[in-house]
Amino acid sequence: MSGIRIKNLRKSFGAYTALHGIDLQVPNGTLLALLGPSGCGKSTTLQLLAGFEAPTEGEIWADDVLLSSARGVLPPEKRGISLVFQNYAVWPHKTVAENVAFGLAIRRLPKAEIAERLDRTLRTVRLEALRDRYPSELSGGQQQRVALARALAVEPRILLLDEPLSNLDAHLREEMRFEIRQVHDLLGLTTVYVTHDQSEALVTADRIAVMKSGHLQQLGSPEDIFERPSNAFVATFIGANNELAGTSEGNGAIRVGGHVLTAPDRSGAAHGGTVSLCVRPSQVRLFGAEETGLPAEGCNVLSGTVQRSAYLGEYRDVLVDLGGGRTLRAFIPPAQSFAPGSVVTALLPIGSCQILGPAA
Amino acid sequence: MGVISTDSPDSAAAATARPAMARVPLARTLVFGAVALLLFLLVVLPFGWVLNNSVHDDLTGAWTLGNYARIFQSADLLEPLFNSLLLAVATAVIAVGIGVPLAWLVSRTDLPFRRTIRVLTLTAFVTPSFIGATGWILLAAPNSGWLNALWRSLAGTEAGPLLNIYSMTGAIFICGIYTVPYSFTMVSSALDEMAVELEDAAATLGSGTLRTMLSITIPLVTPAVIASFILSFIQGLTLFGVPAFLLTPTGIPVVTTKLAEFYQLFPPEIFLAAAYCMPLLLVTAMLFWMRRRILGRKQFVTISGKSRAGRRIALGAARWPAFGAALLLPLVSVFLPYAALLLVSLTRAWGQGLSWENLSLYWYWWALFGNSETHTAIVNSLLFSTLAATLCVMLGTVVAYIVERRMVFGASLFGAVATVPIIIPGIVMSVGFFAAYTRAPLNLYGTPLLLVAAFAATFLPIAYAHGGSILKGIGPELERAARSLGAGEGRTFLSITIPLMGGGLLSGWFLVFIPIIRELSVAVFLITPKTNVMTTLIYNAKDGGNYEAVCAMSVLLLLITLALVAAAGPLTRLTTVRRTSRKTGRKSAPAEGVLPT
Ligand SMILES: Nc1ncnc2c1ncn2[C@@H]1O[C@H](COP(=O)(O)OP(=O)(O)OP(=O)(O)O)[C@@H](O)[C@H]1O
Ligand SMILES: [Mg+2]
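Protein chains in written order, with our numbering: chain F, 13 to 372; chain C, 4 to 600.
Please note that the accuracy of each hint is not assured.
[To be verified] 25 Å max Cα-Cα, derived DMTMM-like pairs, lysine to aspartate or glutamate:
{"no.": "1", "chain 1": "C", "residue 1": "K475", "chain 2": "F", "residue 2": "D35"}
{"no.": "2", "chain 1": "F", "residue 1": "K224", "chain 2": "F", "residue 2": "E65"}
{"no.": "3", "chain 1": "F", "residue 1": "K224", "chain 2": "F", "residue 2": "D35"}
{"no.": "4", "chain 1": "F", "residue 1": "K90", "chain 2": "C", "residue 2": "E376"}
{"no.": "5", "chain 1": "F", "residue 1": "K90", "chain 2": "F", "residue 2": "E149"}
{"no.": "6", "chain 1": "C", "residue 1": "K533", "chain 2": "C", "residue 2": "E407"}
{"no.": "7", "chain 1": "C", "residue 1": "K475", "chain 2": "C", "residue 2": "E264"}
{"no.": "8", "chain 1": "F", "residue 1": "K224", "chain 2": "F", "residue 2": "D197"}
{"no.": "9", "chain 1": "F", "residue 1": "K90", "chain 2": "C", "residue 2": "E196"}
{"no.": "10", "chain 1": "C", "residue 1": "K533", "chain 2": "C", "residue 2": "E196"}
{"no.": "11", "chain 1": "C", "residue 1": "K475", "chain 2": "C", "residue 2": "E407"}
{"no.": "12", "chain 1": "C", "residue 1": "K475", "chain 2": "F", "residue 2": "E149"}
[Claimed, not checked] Some chain C residues near chain F, calculated using beta-carbon distances under 10 Å:
{"no.": "13", "residue": "G354"}
{"no.": "14", "residue": "K475"}
{"no.": "15", "residue": "E480"}
{"no.": "16", "residue": "L481"}
{"no.": "17", "residue": "G489"}
{"no.": "18", "residue": "A544"}
Keep in mind the hints are simulated off the structure, nothing from the lab.
Owing to the predicted nature of the structure, the values given are computational and were not obtained by experimental measurement.
Glycine included, C-beta positions come from ideal geometry on N, C-alpha and C.
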């Protein structure tokens, strides 16, 4: 088991640069989720970590061992890093047991030890009963577990998972999510888990790295990422979010259309710079235009027209047209109700708002 | 397990650091070196020697362009070129003229016995054309041919011969009928793959059968038709056996037989022969390039032997007449010549006519056991073909793997070299291997190795392309998974890639074994009495007049070939890796044969 340190990692395919200098640290034993939209370079990062690609620039270290640099790459089989592929890559010509035992046989372990570790690993992923089946006789979730068991059996120092749940149905995905976390807690492996599903990342990970177009946007705990996003992209990518684009009016203020709104400023932008006001829909409160005595203190106040309203049981999802092409989403208590077309006042608690810059 | 220190390792050291094991492993260097060396010996060296020889003088050995000048100045050397072009054009016209309608009948209509026609056409496909020529010599030699004898018995003894197989027309006929299967296979597979929905869509839009054919079917198969024309042209241009059997006796030279003549002169004009290969190479290279432009990467067709279910065009009253017409090709390319060869081979002395007393298996016994020359040739054929096919598939597969997985910088160069022999006619290959390996330091003349190498080189493009097409179906992540579990490149190749290629490798082996065992032209200049193979023995014995023995050898070769074709499918299926544990489980998909087109 070892920690991972990625320094200024760049990867170009011909003229196209897939990774623009990523810096990332994964402390020993943590589960890091690598999160980002499709094509942002998540798989590329994993292939580099596993040693299947050589970096164009930068270095990858495991503890104090240099694994990859532009000058050379330690071959995959020498790294002690197991990779579980997006499409499982379970060998169709080997049974479950043969798949799982492959890495042990490579290591020329004594027969008894192979058998013992095989049994233990199959038990960990609850596949004992299926050990003599061929992959074509397994369900997707079972194949996924074979891939996981195969990767775990060799007791790697680092485990890499590339969207391991993306091919499963919603129910199974939920189940496997916890299973992976459980296995991680059991073995304490340093794990990098690639996903483009934010709730998967929030549930499973100790730390989350958000990526976009080959740039690292933010690295932090799930709470950090959700509550203190470093820019508007992260805020919008994780959870529901309102993003009102505007220009900075100096520290703590933003001009959105004709309004000047205030909020904690985490953009670092100079006066006149492009920034956004971000606020979660769940923090927005709506009142009828005729209502008086609103608790407006400590709030930004906006008014608009209800465009549509959807009843979702737990809450109502209301879309408010603010004029000037801007809209605002609010999740309000289901007891409250506004007909489309009615004029409303929206209160945005200053403490729940953030002024954020654009994506890196 | 300690907490990771946050400061990075000494950055000055890191800037120059290399990962500890980044050196290229020795095994890898050895494998790549061996592959490069083999490709050099099998392809580059023979080809290079042909080039080099072509610019040297036969008598003085001095550097000269005189050989080329001679080709274009002497009518003696120009005539074969024109004859070859004539033969090529006529062959292509016949192949496409018969093959395309036949393919349409079999793939698209309700012709009776479609499967049988397919199988018979495949039989014609694997029949070496020089054996077909031998059969037709028995049938249509001007004096002794049976069909002519039949004609005389009908028209009177003073009537001239009806047919003369020893003529340009005869050669065109033979080349044509044995090339039809090529165009048939290419076009019928294009028709089979074509979505019926396209035709159906046209039909629902109110377009009649003829309209549909003209506006949908024909445009869709046009690339296959043009490509098969080109391929048939190349066949007609590069065939050696048929013109050697049918045209040389009447003194009509073509390029391939003229090449053989240079070797029989005294002293042999080997450097002139090398130059004489060039026009042939130039034309084939150009034609293959054109074909590539037309077909793209799809240069091989699958022969699954099954036609697709689906809507078929009803021929109505024309059904049986069409069947009769479709049967003509098997009649002339399989039934008649096979019958002639079989009958002659089964008579003790052909001159004594057909009678019960004259029937015997004597010549088979003679060929197999009684005569050391034929016995050696049979053993050699089987042995050399086995070795050559094995070498060819091994090399082709490894090259395909290196190319497909881009394992080294410039991997595609390996692939390009492995593909070059496809443009080299067999007879030119023979010239090349003779040039490269009958001199020090690599004098292999008279050794089996020379023939094995030449056979392997000739069919390397098939093995390479076949290997590549199998590897394309195996996702690289199956191999990467093994790497990340600790298996090195070699181990991964052997324990993951090879088993996954499975039956495909065996079918690839048959795919090269079958053409090798029936190959004549590659061997002609390379054999010695001790390394004779069946094809060259038949070729050399045809003038000896011992027709019974020649026929027995021909039938044996046909039997071996057909048995292999028949066995290839089931054997391949047997060895295809088991993918289910239950007996009732899903059967693995039958491996399909792939033939170069
Ligand atoms: N071998 C390659 N050659 C050229 N471009 C590549 C190559 N591999 C990846 N790319 C490009 O690099 C970018 C990042 O690819 P990557 O596979 O890392 O995305 P990803 O984040 O894993 O996406 P997804 O969620 O869809 O799997 C993509 O734009 C992709 O097209
Ligand atoms: Mg990916």
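Here is how each hint holds up against the structure:
1. Of the supplied pair hints, the one linking K475(C) and D35(F) is violated, its CA atoms being roughly 35 Å apart against a limit of 25 Å.
2. Between K224(F) and E65(F) the alpha-carbon distance is near 20 Å, which keeps this suggested pair within the 25 Å criterion.
3. With a C-alpha separation of about 14 Å, the suggested pairing of K224(F) with D35(F) holds against the 25 Å cut-off.
4. Our distance criterion of 25 Å between C-alpha atoms is broken by K90(F) and E376(C), whose separation comes to about 57 Å.
5. Of the pairs offered as hints, the one joining K90(F) and E149(F) is violated, with about 32 Å between alpha carbons and a cut-off of 25 Å exceeded.
6. Between the alpha carbons of K533(C) and E407(C) the distance comes to roughly 40 Å, so the proposed pair goes past 25 Å and is violated.
7. With a C-alpha separation of about 45 Å, the suggested pair K475(C) and E264(C) falls outside the 25 Å cut-off, and the hint is violated.
8. A C-alpha spacing of about 29 Å is found between K224(F) and D197(F), which places the hinted pair above 25 Å, so the restraint is violated.
9. Among the hinted pairs, K90(F) with E196(C) is inconsistent with the structure: their alpha-carbon atoms are about 46 Å apart, more than 25 Å.
10. For the hint linking K533(C) to E196(C), the alpha-carbon distance of about 47 Å lies beyond 25 Å, and the restraint is violated.
11. Taken as a hint, the K475(C) and E407(C) pair is honoured in the structure, with Cα atoms around 7 Å apart against an allowance of 25 Å.
12. Taken as a hint, the K475(C) and E149(F) pair is honoured in the structure, with Cα atoms around 24 Å apart against an allowance of 25 Å.
13. Hint on G354(C) is violated. Least Cβ distance to chain F is approximately 60 Å, over the 10 Å limit.
14. Interface hint at K475(C): violated, since its Cβ lies 16 Å from the closest Cβ of chain F, which is beyond the 10 Å cut-off.
15. The beta carbon of E480(C) comes within 4 Å of a beta carbon in chain F, closer than 10 Å, and the hint placing it at the interface holds.
16. For the restraint placing L481(C) at the interface with chain F, the shortest Cβ-Cβ distance is roughly 5 Å, inside the 10 Å limit, so the hint holds.
17. Because the smallest distance between the Cβ of G489(C) and any Cβ of chain F comes to about 5 Å, under 10 Å, the interface hint for this residue holds.
18. The criterion of a C-beta within 10 Å of any C-beta in chain F is not met by A544(C), whose closest approach is roughly 48 Å, and the hint is violated.
Consistency with the previously given hints fails for numbers 1, 4, 5, 6, 7, 8, 9, 10, 13, 14 and 18, ordered from lowest to highest.
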